Amino acid sequence: MGEEKKGFFARLKAGLAKTRNNIVHGIDQVFSGYSDIDNDFYEELEERLIMGDIGVNATSEIMERVRESVKTLQIKVPWQCKKLLINSIKEQMQVQETAYDFENKKSVIFVIGVNGVGKTTSVGKLAYNLKASGRKVLIAAADTYRAAANDQLREWANRAGVDMISSKEGTDPASVVFDAVSAAKARNVDVLICDTAGRLHNRKNLMEELKKMNRIIDREFPDAHRENLIVLDGTTGQNALVQAKEFGSVTDLTGIILTKLDGTAKGGIAVAIQSELKVPVKYIGVGEGIEDLQKFDSNAFVNALFEVQDGEFEED
Amino acid sequence: MAFESLSDKLQNVFKNLRAKGRLTEEDVKVALKEVKMALLEADVNFKVVKQFVKSVEERAIGQDVMSGLNPGQMVVKIVHEELISLMGSDTTEMKLAPGQQTTVIMMAGLQGAGKTTTTAKIAGKLKQKSKKPLLVACDIYRPAAIEQLHINGEKQGVDVFSMGTGHKPVDIAKAALEHASKNGHNVVILDTAGRLHIDEAMMAELQEIKACITVHQTLLVVDAMTGQDAVNVAKEFNEKVGVDGIVLSKMDGDTRGGAALSVKAVTGKPILFVGMGEKLSDLEQFYPDRMASRILGMGDVLTLIEKAAENIDIDEAKEKDMMSRMKKGKFDFEDYLESMKQMRNMGGLGSILGMLPGMGIKAADLENAIDEKQMKRTEAIVLSMTPAERKNPKLLNPSRKHRIAKGAGVDIAVVNRFIKQFEQSQKMMKQFSGMGKRGFGGFPGMGGRGGRKYF
Numbered sequence: 001m002g003e004e005k006k007g008f009f010a011r012l013k014a015g016l017a018k019t020r021n022n023i024v025h026g027i028d029q030v031f032s033g034y035s036d037i038d039n040d041f042y043e044e045l046e047e048r049l050i051m052g053d054i055g056v057n058a059t060s061e062i063m064e065r066v067r068e069s070v071k072t073l074q075i076k077v078p079w080q081c082k083k084l085l086i087n088s089i090k091e092q093m094q095v096q097e098t099a100y101d102f103e104n105k106k107s108v109i110f111v112i113g114v115n116g117v118g119k120t121t122s123v124g125k126l127a128y129n130l131k132a133s134g135r136k137v138l139i140a141a142a143d144t145y146r147a148a149a150n151d152q153l154r155e156w157a158n159r160a161g162v163d164m165i166s167s168k169e170g171t172d173p174a175s176v177v178f179d180a181v182s183a184a185k186a187r188n189v190d191v192l193i194c195d196t197a198g199r200l201h202n203r204k205n206l207m208e209e210l211k212k213m214n215r216i217i218d219r220e221f222p223d224a225h226r227e228n229l230i231v232l233d234g235t236t237g238q239n240a241l242v243q244a245k246e247f248g249s250v251t252d253l254t255g256i257i258l259t260k261l262d263g264t265a266k267g268g269i270a271v272a273i274q275s276e277l278k279v280p281v282k283y284i285g286v287g288e289g290i291e292d293l294q295k296f297d298s299n300a301f302v303n304a305l306f307e308v309q310d311g312e313f314e315e316d
Numbered sequence: 001m002a003f004e005s006l007s008d009k010l011q012n013v014f015k016n017l018r019a020k021g022r023l024t025e026e027d028v029k030v031a032l033k034e035v036k037m038a039l040l041e042a043d044v045n046f047k048v049v050k051q052f053v054k055s056v057e058e059r060a061i062g063q064d065v066m067s068g069l070n071p072g073q074m075v076v077k078i079v080h081e082e083l084i085s086l087m088g089s090d091t092t093e094m095k096l097a098p099g100q101q102t103t104v105i106m107m108a109g110l111q112g113a114g115k116t117t118t119t120a121k122i123a124g125k126l127k128q129k130s131k132k133p134l135l136v137a138c139d140i141y142r143p144a145a146i147e148q149l150h151i152n153g154e155k156q157g158v159d160v161f162s163m164g165t166g167h168k169p170v171d172i173a174k175a176a177l178e179h180a181s182k183n184g185h186n187v188v189i190l191d192t193a194g195r196l197h198i199d200e201a202m203m204a205e206l207q208e209i210k211a212c213i214t215v216h217q218t219l220l221v222v223d224a225m226t227g228q229d230a231v232n233v234a235k236e237f238n239e240k241v242g243v244d245g246i247v248l249s250k251m252d253g254d255t256r257g258g259a260a261l262s263v264k265a266v267t268g269k270p271i272l273f274v275g276m277g278e279k280l281s282d283l284e285q286f287y288p289d290r291m292a293s294r295i296l297g298m299g300d301v302l303t304l305i306e307k308a309a310e311n312i313d314i315d316e317a318k319e320k321d322m323m324s325r326m327k328k329g330k331f332d333f334e335d336y337l338e339s340m341k342q343m344r345n346m347g348g349l350g351s352i353l354g355m356l357p358g359m360g361i362k363a364a365d366l367e368n369a370i371d372e373k374q375m376k377r378t379e380a381i382v383l384s385m386t387p388a389e390r391k392n393p394k395l396l397n398p399s400r401k402h403r404i405a406k407g408a409g410v411d412i413a414v415v416n417r418f419i420k421q422f423e424q425s426q427k428m429m430k431q432f433s434g435m436g437k438r439g440f441g442g443f444p445g446m447g448g449r450g451g452r453k454y455f
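Which chain is which? The protein sequence lines are A and B, in order. Everything in the first sequence is counted per the numbering used here, starting at 1 for the first residue and increasing by one. Everything in the second sequence is counted per the numbering used here, starting at 1 for the first residue and increasing by one.
Read the hints as simulated data drawn from the structure, not as lab findings. Don't take every hint at face value.
Short, incomplete list of chain B residues facing chain A, as computed with Cβ under 8 Å [stated by the list, open to error]:
hint, residue
1, A113
2, H197
3, E200
4, M225
5, Q421
Nothing here was measured: the structure is a model prediction, and the numbers come from that model. All C-beta atoms in this analysis are idealised placements derived from N, C-alpha and C, irrespective of residue type, glycine included.
Isolated chain B, as found in the complex (with noise of 0.2 Å):
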């Protein structure tokens, strides 16, 4: 939904810019204005996205836009590179401590961020690398939570230490230190109640804690669903408590996940794992650049503008020789199936057509008018070919027409129609012959699959 408003408005407002060389200042600003809504929606801090777009606007100016791309593209291809940079551009490992030293890690986050879940999760990774963990039930205030967590560590086959809520946690904590040195434990995690952040009492508990054992690693768990509040929730246990990486939670869900930029920009600190889902196995690795994809909301158009960079898979040979034959009107059925490849292969005509400068076609257009069903008829038409009446189409007389037909399962109105076509591209290829310049898949016409209305 978000994505193709996004692409939509920034196909609208390029419409009528020819790809060109440089970015301007204006083709800058005006595709920024539209990539800084996106960021909004997907709630990404208002001062972390004024920021992060004038960084961008600074870099954009004056870049040279690829072929293949207009300026909002590549404007858009800028901003996902500094999207992915900021968010650290690799997946950071949590750190545990060294040897066989016990290392402590401390949960800390908001009410319903999805701690007590996310701690039996973690705990089932670290079980994986055959570490020894232990679940340390720190939150005393809300009912239940220590059973909860008894029965997530029961199902993780991990065990759980608890003292019953009449003790400080900080006591609890020390507790479960000496029962883990005990029992051979050599990574205990801290449960701790879910805060306010400007609950001055409760961001003390974490102090105090912190302050009487040494935490290793303290974990924010962040909602991923969080609004604009999320920076002020990161920098405030960050400034009070030291945060050392950062759990997303709930990113199952559609949210777009803006906060994750948010936190990662106020904070400086990793996101180390993303919450899944409710199976305690849901928890995985953080890529910075899947993220930057989904807050900006353009996953296919990102995907195509990759591809576009890295230019469409043509042997350059083979390419120059299919485009001198087009000039001369020349290209025959083979040239027709390999460019029908290509464009399969980056994603579908629907999103190339999108994607070509200058064609100002919306997507849900393009999504009614393209008929993948139809193009996969006259690919079987070309298929019912030899390969000799592939190379020469002239070849095609009626009792062979009516076996492609029949090989094709189409009618022979419909192969006759659809050679006529071709042949009229041909012909439009001979008249184009002295602009031919480089085209996106080699076939600016791609006429002979019926499909000419649609330009």
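Bound conformation, chain A alone (with noise of 0.2 Å):
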């Protein structure tokens, strides 16, 4: 296992540490403190997981595959469910090998959600790593409603070392859209990131302006590739399942980022959205120094969801 890899997973796990001592603390409770299985265990596990924010459907979905899986194999004792369960999310959580494929395209990386979840932070960090494996980028910033929210990604953008598209404060967000994507083709840029307002998914004309910009991205650049991430909080609760859907209804989303991962909070959501909704993780933030935002691992996530050891439940 190579040096950034190790890294990696010590920086998430460290990220994770306190999610650890809640929620895992609690379901390896769960595990030693029954002798048989049987239906208060069965509860009590269920009860740990929407604790976990999973949310209460996608945890009667897991623990259906636990209970069949411990029929099938004919599992005595409560600790070896815990392997079942882990890789029972591990399995679901699993990002495809062609989830990143956007990297090595002419893209445009069109990054939406509520307000307060960290898209500008996002992006700039996004923009980051894509300089860093040596792509070309440009960022689009089409918020142009709240205060001081261009200066912000400026900084970001002075940061990564990229460019970026601006206009005032107030004008329409979908010509910074308009003048990023020509400007991209003009410099021959690899991946345009346009960073937008944040938006309560209940609000339709602010939908409505999502969708117009868009329009304008496969207008202007149909052959681009496109990617379409949504930025939750890994701080909310169940709402994060309506946003994913609302937001799924405007553009096709390709994918999500997970952000404030450092804290306490699990982010068992994105469970509960991988589960109902088939729109996979693909980044996590755990932190805010600019590096600090990371693929995706199912692994090392559930792992250090779960305070599996390295080498625990090798996969057979």
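Take the two lone chains and join them into the complex the hints point to.
Below you can see the structure in the form of structure tokens.
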């Protein structure tokens, strides 16, 4: 295992340290606290998952799978369920190999989400990552609403060392997107990242505005690979599912950036979204530093979440 | 969405039970199981839910079931009341320092909770109360946070104090206080950086501010969409820094906002404001009862329960009279109109049918089955009758029926059908007469409107 990989795991683990203490501590208690696999055991397991923001529905699904496996594999000891449970969630959270194809294509990354989830910060980090891997990156500052949003993004662009197209506060964000697409084509940019204003998904006209931007990219840059990433706050509860659904009805979501996983939040909502909407988490934000945006690794994520020791459950 | 599922579930659970006197342990357990799920789906913290459900269970067992409600609804009623009392029965006003003294308010919260926006909103509120607030930019970390505060302050017509990013927040706060006293500001609001509750260094920064200057109100801004983690955040901020009040932001979304309950339960501190939008004027008082309904996700049902509790606005004597005539099968079209009116007052037929004990009709089915248009049409028919005709349906001869049809704008066949159904239900009433117990709106059958098939 290479240096980089190790660094990543350590970082993620550190970021999720507190998370582990909460959810996992409880989970281990459940596994060791019961001598038989009975209804009480299942119920408590279920409760623990719900406490991790995994949600009632996704939890029931996971429990269903666990129960089935327990039956078919004739498992008798609660402890053995842990592996079952963890592997089941890992499998579910697996990111497809093609998930990051956009890195090597001419692409437009459209970053959307509600207010305050960390869109601008994520755009900055993403730009930095792509620039570091040798891509030519351009940022479009299409958040023309929030006071000083431009300044904030400009700062990130400077840190990442990439160019940015912006306009005055209050201009039509679609025009910024239009300008940025033209600039991206003229400058032969590899990846154009569009930051958008935070908007609540139940605001119809703001969602229409997103559609408009989306149409402009489609029309002006039809051969670009499209990547529509929704940014979700890792501390958000079940409403994140609604957000993903609503934003998904405006653009085809290709992935999730799950932010703020450096607190005590469990990020379990990602499991719920994967389970119900099949939108994969592609990146996670584990800190405020510019390098603190990581590609999602289901193995590492679930391991860290459940405090699985390295090698405890090596895949067969 | 959530509302339907919960009331549907309750409906299904209790469809075989007739209204009965007291809540049994079994009733309560079954209903609370659904309530528990609803609360969890609303993101109320699991531990809070567990505790809450337990206390409701103790209170509910053995309670009388109000007439008009089924046991499940009775439990929901109790749950709702408990939710309100848990969240503080009244709206709480933010306390300002007495007299001419300068009030210092410190905003705190996680990143992205909406502190800077809320800061400006509160300043606007205070300005309306003829205070002279000063906003202080203590967020020296987030790029452009200071600019954001300046722009918002300008929009609100409120002064903003900043010293760039080169000073410690505590020094900025101290300098701001001096600035305030020189310039006659009587409220100082410190906008601090977003921080994680587990970030010791950052939490120490807030402690330092509090240690060096007198902070009258520390407000914790919490995103209403926060999930299970809300308790940890609130607890840490309260323990490490001390919280005096809570602002719930982003309530204009469609989140059920269970975080409100969690935070309140953990800190015991009042929720002062709710942020309802991006505009700087969108800050409202907190109403515990509204929040309770929202968290429970059954707004409509709750309204109905309330109305049932108040008992439909019927004149007792009038009702008695109506009942006795009904028993004899002598009710007329006036009675019909009257009960229609009552139904409308209670929020439409669909919701009432869903409420009827033992009915076991799914809300979704009802929506399809009940044609409010149809009801309007039958009402128009009745209204097209003369008072004499309404009192005495026997008067209705073909020529009168023609006139009525014209008046109501329907075909004569529709009028005929309606009258026939009405007569049928009259007959049916007679058969029922022995058991004519006090019904919901007085008209157990409501048969006349051509809707019998729905029952």
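Verification of the hints:
| no. | hint | in the structure |
| --- | --- | --- |
| 1 | A113 | holds (7 Å) |
| 2 | H197 | holds (7 Å) |
| 3 | E200 | violated (12 Å) |
| 4 | M225 | holds (4 Å) |
| 5 | Q421 | violated (43 Å) |
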